[in-house]
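Enquirer: Work out the full structure: start from the sequences and follow the hints.
Going by this note's numbering, the first residue of the sequence shown is number 65, and it counts up by one from there.
Simulated from the structure, these hints should not be mistaken for lab results. Hints may contain errors.
Claimed, not checked - In silico lysine to any residue, SDA-like type, Cα no more than 20 Å apart, as pairs:
1. Lys76 to Ala406
2. Lys459 to Asn367
3. Lys295 to Leu450
4. Lys306 to Leu436
5. Lys421 to Leu113
6. Lys260 to Glu229
7. Lys246 to Arg190
8. Lys318 to Asp333
9. Lys260 to Met199
10. Lys233 to Lys260
11. Lys260 to Phe235
12. Lys154 to Gln281
13. Lys246 to Ser183
14. Lys459 to Gly364
15. Lys180 to Ile241
16. Lys76 to Phe90
17. Lys340 to Gly112
18. Lys149 to Pro320
19. Lys154 to Ile312
20. Lys462 to Glu379
21. Lys149 to Arg315
22. Lys462 to Ala406
23. Lys187 to Val173
24. Lys133 to Trp289
25. Lys282 to Tyr250
26. Lys295 to Ala135
27. Lys260 to Asn239
28. Lys233 to Asp270
29. Lys306 to Arg160
30. Lys180 to Glu229
31. Lys233 to Arg253
32. Lys233 to Lys251
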Amino acid sequence: MKILIEIWESIKIALQALNANKLRSFLTTLGIIIGITTVIGILSIIRGLNDAFYTSISALGSDTLYIQKFAWFSRTDWLEARNRKDITMKEVDAIRDHAVSVSSVAPVVGASRSVKFGSEQIKNVRITGSNEEYMITANVFPEYGRPLSQQDVEHRRAVCLIGWEVADKLFQKTNPIGRRIKIGAYKFRVIGVLEKRGSLFGHNLDTEIIIPFGVFQKMYGSRRWMTIEVKVKDPALIEESKDELIGILRRVRKVPPIAENDFAINQQDMIADMYKRLTTALYAVAFGVGSIALIVGGIGIMNILLVSITERTREIGIRKAIGAKKRNILWQFLIESLVVSALGGFIGIGLGLLIAKLVSQVSFLSASVSPLVIVVGLLFITLVGLFFGIYPAYKAAKMNPINALHFD
Numbered sequence: 065m066k067i068l069i070e071i072w073e074s075i076k077i078a079l080q081a082l083n084a085n086k087l088r089s090f091l092t093t094l095g096i097i098i099g100i101t102t103v104i105g106i107l108s109i110i111r112g113l114n115d116a117f118y119t120s121i122s123a124l125g126s127d128t129l130y131i132q133k134f135a136w137f138s139r140t141d142w143l144e145a146r147n148r149k150d151i152t153m154k155e156v157d158a159i160r161d162h163a164v165s166v167s168s169v170a171p172v173v174g175a176s177r178s179v180k181f182g183s184e185q186i187k188n189v190r191i192t193g194s195n196e197e198y199m200i201t202a203n204v205f206p207e208y209g210r211p212l213s214q215q216d217v218e219h220r221r222a223v224c225l226i227g228w229e230v231a232d233k234l235f236q237k238t239n240p241i242g243r244r245i246k247i248g249a250y251k252f253r254v255i256g257v258l259e260k261r262g263s264l265f266g267h268n269l270d271t272e273i274i275i276p277f278g279v280f281q282k283m284y285g286s287r288r289w290m291t292i293e294v295k296v297k298d299p300a301l302i303e304e305s306k307d308e309l310i311g312i313l314r315r316v317r318k319v320p321p322i323a324e325n326d327f328a329i330n331q332q333d334m335i336a337d338m339y340k341r342l343t344t345a346l347y348a349v350a351f352g353v354g355s356i357a358l359i360v361g362g363i364g365i366m367n368i369l370l371v372s373i374t375e376r377t378r379e380i381g382i383r384k385a386i387g388a389k390k391r392n393i394l395w396q397f398l399i400e401s402l403v404v405s406a407l408g409g410f411i412g413i414g415l416g417l418l419i420a421k422l423v424s425q426v427s428f429l430s431a432s433v434s435p436l437v438i439v440v441g442l443l444f445i446t447l448v449g450l451f452f453g454i455y456p457a458y459k460a461a462k463m464n465p466i467n468a469l470h471f472d
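Expert: Laid out in structure tokens, this is it:
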């Protein structure tokens with residue numbers, strides 16, 4: 065109980081000392097404020113990025129492989145990759161006939177076109193040409209209406225599935241099913257409206273329109289870069305499936321035994337790994353900047369306490385003369401250091417929360433602060449206050465009362 069009273073008295077003395085020098089106290093806490101605000105702000109933004117990223121990447125599917133000319137994030141020379149043979153239906157047929165580890169195979173080609181219905185028009189809509197298995201490989205399904213059928217693809221019917229935003233902008237409150245829209249110069253009957261999917265790396269997935277593969281080739285030609293999307297039967301077999309696909313593709317593309325693959329098999333994990341490396345760098349920057357600012361703030365606290373001790377030497381002498389022990393003086397200045405650090409920390413946390421809220425309001429990021437981050441921030445604040453307050457507090461505590469009383 066006695067120690068609690070001593071601590072409370074020390075807190076009151078510390079607050080009085082800070083109140084007597086408001087500007088100096090604020091400038092002292094500025095380093096702490098900048099450090100904590102930086103850490104809280106950057107971590108909240110990273111958390112928002114994480115939420116947006118993993119929501120987006122889930123659209124790719126962890127058990128879907130993408131066979132393309134180019135590897136994602138590859139260091140392979142771009143011109144070398146560009147000169148590779150195109151991916152064609154020959155590879156699609158070979159995978160469908162010989163791959164035992166896959167459940168669905170979909171050739172995918174795309175283009176951007178304007179889409180019209182009546183007087184309404186949307187520009188730069190992504191037109192995707194594929195088959196009925198694209199619904200499975202791309203994990204995209206109609207909210208209402210029906211998906212592409214095998215008959216639609218085989219008979220090259222002029223039908224389409226439209227994205228949620230396309231339906232909303234073109235038809236508003238009208239049911240689009242059965243109505244005809246104009247894609248470029250061609251008319252298509254709407255058979256379904258896709259579920260709302262959000263964005264993938266800034267690309268709005270809700271502005272996609274899916275049409276049969278053969279119809280796409282008839283409209284825009286067959287010499288377009290193609291992606292083959294492959295759904296693996298079991299995510300646990302993803303590596304085995306990649307080995308199987310490499311063997312099939314090398315054989316059908318007649319790649320010599322000693323030559324490197326002239327194609328790439330991409331997957332969701334490649335993007336996730338790249339993202340982790342980027343966010344690791346962001347975390348390092350956040351903690352680096354925050355740590356430097358906290359150290360500067362801590363040095364400022366130590367400096368201001370040393371100045372304060374010099375100014376209050378006679379006060380220390382009087383307190384010791386009337387019975388104050390070393391621990392009382394030690395507690396007084398140590399708690400003063402903690403109070404200064406805590407004030408800066410709480411202001412910094414408040415500013416960090418404000419930054420997170422502003423980011424959420426002005427961007428697509430759901431920036432938020434984890435309670436764990438706040439707890440860690442408070443722990444760092446406490447450690448800074450203790451570490452940089454120990455030397456000044458010890459210096460004040462061991463001061464000779466007689467010399468202190470004679471100090472002028």
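Enquirer: Evaluate each hint against the coordinates.
Expert: Hints versus structure:
Restraint check: the Cα-Cα separation between Lys76 and Ala406 comes to about 14 Å, which is no more than 20 Å; the hinted pair holds. Taking the CA atoms of Lys459 and Asn367, the gap is about 13 Å. The hint holds against a cut of 20 Å. Note on Lys295 and Leu450: the hinted pairing is violated, with a Cα-Cα distance of about 57 Å set against a maximum of 20 Å. A threshold of 20 Å between alpha carbons decides the hint, and for Lys306 with Leu436 the separation of about 39 Å lies outside it, so the pair is violated.
With a CA separation close to 14 Å, the supplied pair Lys421 and Leu113 stays within the 20 Å bound. Taken as a hint, the Lys260 and Glu229 pair is honoured in the structure, with Cα atoms around 8 Å apart against an allowance of 20 Å. With a C-alpha separation of about 14 Å, the suggested pairing of Lys246 with Arg190 holds against the 20 Å cut-off. Using a Cα cut-off of 20 Å, the hinted pair Lys318 and Asp333 is violated, with the two alpha carbons roughly 28 Å apart.
Taking the CA atoms of Lys260 and Met199, the gap is near 14 Å; set against the 20 Å cutoff, the hint holds. Between Lys233 and Lys260, the direct Cα distance comes to roughly 14 Å. Compliance with the 20 Å bound is thereby established for this hinted pair. Straight-line distance between C-alpha atoms of Lys260 and Phe235 comes to about 16 Å, which keeps the hinted pair within the 20 Å bound. Between Lys154 and Gln281, the direct Cα distance comes to roughly 15 Å. Compliance with the 20 Å bound is thereby established for this hinted pair.
For the proposed pair Lys246 and Ser183, the alpha carbon gap of about 11 Å is at most 20 Å, so the pair holds. For the given pair, Lys459 sits about 17 Å from Gly364 by alpha-carbon distance, which is consistent with the 20 Å threshold. Between Lys180 and Ile241 the CA atoms are separated by roughly 15 Å; this keeps the pair inside 20 Å, and the hint holds. Distance check on the hinted pair: Lys76 and Phe90 sit about 18 Å apart at the alpha-carbon level, within 20 Å; holds.
A C-alpha spacing of about 14 Å is found between Lys340 and Gly112, which places the hinted pair at or below 20 Å, so the restraint holds. As the CA atoms of Lys149 and Pro320 are separated by approximately 14 Å, the hinted pair is consistent with the 20 Å bound. Pair hint Lys154 plus Ile312 holds up; C-alpha atoms about 11 Å apart against a cutoff of 20 Å. Distance hint between Lys462 and Glu379 is fulfilled; the C-alpha atoms sit about 14 Å from each other, no more than 20 Å.
Simply put, Lys149 and Arg315 have alpha-carbon atoms about 14 Å apart, close enough for the 20 Å limit, and the pair holds. Taking the CA atoms of Lys462 and Ala406, the gap is about 26 Å. The hint is violated against a cut of 20 Å. Distance restraint check for Lys187 and Val173: the Cα-Cα separation of roughly 19 Å lies within the 20 Å cut-off, and the hinted pair is therefore satisfied. For the given pair, Lys133 sits about 8 Å from Trp289 by alpha-carbon distance, which is consistent with the 20 Å threshold.
A C-alpha spacing of about 11 Å is found between Lys282 and Tyr250, which places the hinted pair at or below 20 Å, so the restraint holds. About 18 Å separates the Cα atoms of Lys295 and Ala135, which keeps this hinted pair within 20 Å; it holds. As the CA atoms of Lys260 and Asn239 are separated by approximately 16 Å, the hinted pair is consistent with the 20 Å bound. Note on Lys233 and Asp270: the hinted pairing holds, with a Cα-Cα distance of about 11 Å set against a maximum of 20 Å.
As the CA atoms of Lys306 and Arg160 are separated by approximately 14 Å, the hinted pair is consistent with the 20 Å bound. With a C-alpha separation of about 13 Å, the suggested pair Lys180 and Glu229 falls inside the 20 Å cut-off, and the hint holds. A C-alpha spacing of about 17 Å is found between Lys233 and Arg253, which places the hinted pair at or below 20 Å, so the restraint holds. About 18 Å separates the Cα atoms of Lys233 and Lys251, which keeps this hinted pair within 20 Å; it holds.
Hints 3, 4, 8 and 22 from the earlier list are contradicted by this structure; the remaining hints agree with it.
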